[in-house]
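Chains as they are written, first to last, in this note's numbering: chain A, 1 to 106; chain B, 107 to 253.
Just so you know, these hints were derived from the structure itself, not from any lab.
Don't take each hint at face value.
[Stated by the list, open to error] Here are the computed distance ranges between Cβ atoms for each label pair: (1) B:Val186 <-> A:Lys32: 37 to 47 angstroms; (2) A:Lys33 <-> B:Asn187: 23 to 33 angstroms; (3) B:Val186 <-> A:Lys7: 28 to 38 angstroms; (4) A:Thr56 <-> B:Ile166: 24 to 34 angstroms; (5) B:Thr225 <-> A:Lys77: 17 to 27 angstroms; (6) A:Asn53 <-> B:Ala242: 48 to 58 angstroms; (7) B:Ile246 <-> A:Asn53: 37 to 47 angstroms; (8) B:Asn184 <-> A:Thr56: 29 to 39 angstroms; (9) B:Lys150 <-> A:Gly82: 42 to 52 angstroms; (10) A:Lys95 <-> B:Gly235: 13 to 23 angstroms; (11) B:Pro143 <-> A:Lys33: 15 to 25 angstroms; (12) A:Gln38 <-> B:Pro143: 21 to 31 angstroms.
Positions of the beta carbon are idealized from the N, C-alpha and C atoms, including for glycine.
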Amino acid sequence: MASDNMKMRAQLKGEVTEIKVLMSHPMETGRKKDDFDQLIPAHFVQLLTATLNGQTVLEAQWGTGISKNPYLTFRLKGAKVGDTVVVTWLDNLGKTATQDITVTQA
Amino acid sequence: MQRRNFLTLLIGAVTSLLLAPLSALAAVWNKAAFETPKLDVAIKSLDVVDEIVSQDILIIAPDKAENGAIVQVEIKSNIVNTESISILVEKNPTPLIAHFKFSNGAEPFVITRIKMAETSDVKVVVKAGTQYFTNAKNVIVLENGCG
């Protein structure tokens, strides 16, 4: 399922596939105030999972300390050109996004 | 109009299908570890015992960060059977930044960008089997990034 939320790339270099993910998310800590001196409620990605051909490869839990518009690189062994990597995140407000990418030769 | 209604229904159905398993997943999030302002409590909440300092954990981060809102860190574990990597910033309001669990051929490697409130050690904890290993790198922060 495609979405505008994530930009992804998965490239096979030698034996290792490198996956780069750039997400669009405010990652609000809940400690920042707006122009009217009101606290901006916490809004951040809590869980992120990645699968390779449906099998879980990465499970991440995040706090508020990940930067706005989160960036992530991870590496897989055993992936082939044409394989599918899917990344899904869930934030503390129950919002979610998912994106897939096909592994290509670097 | 009919088509629009159908599409709205379809999107609703797909969303609810996606949300059902994910909300079950939300219980996975380690609230105690992520919300504590204390480094030692965060570490305890991750069930870490007897950390061994190891140079086999490589931390690549800038010596000096201009802007604490975006500090890129690269972590690689050369410890055999690494299962997970946790990133903590000692002097952040909530020290635990992230916990990554690897499986099915994922390398114990991650690059991400973190927020740092002030100059602090970036501490990494690796779990391998029943053992825990740790390493740290100090990053000087010139501008607060936690807001």
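What hints, given by number in increasing order, does this structure fail?
2, 5, 6, 8 and 10
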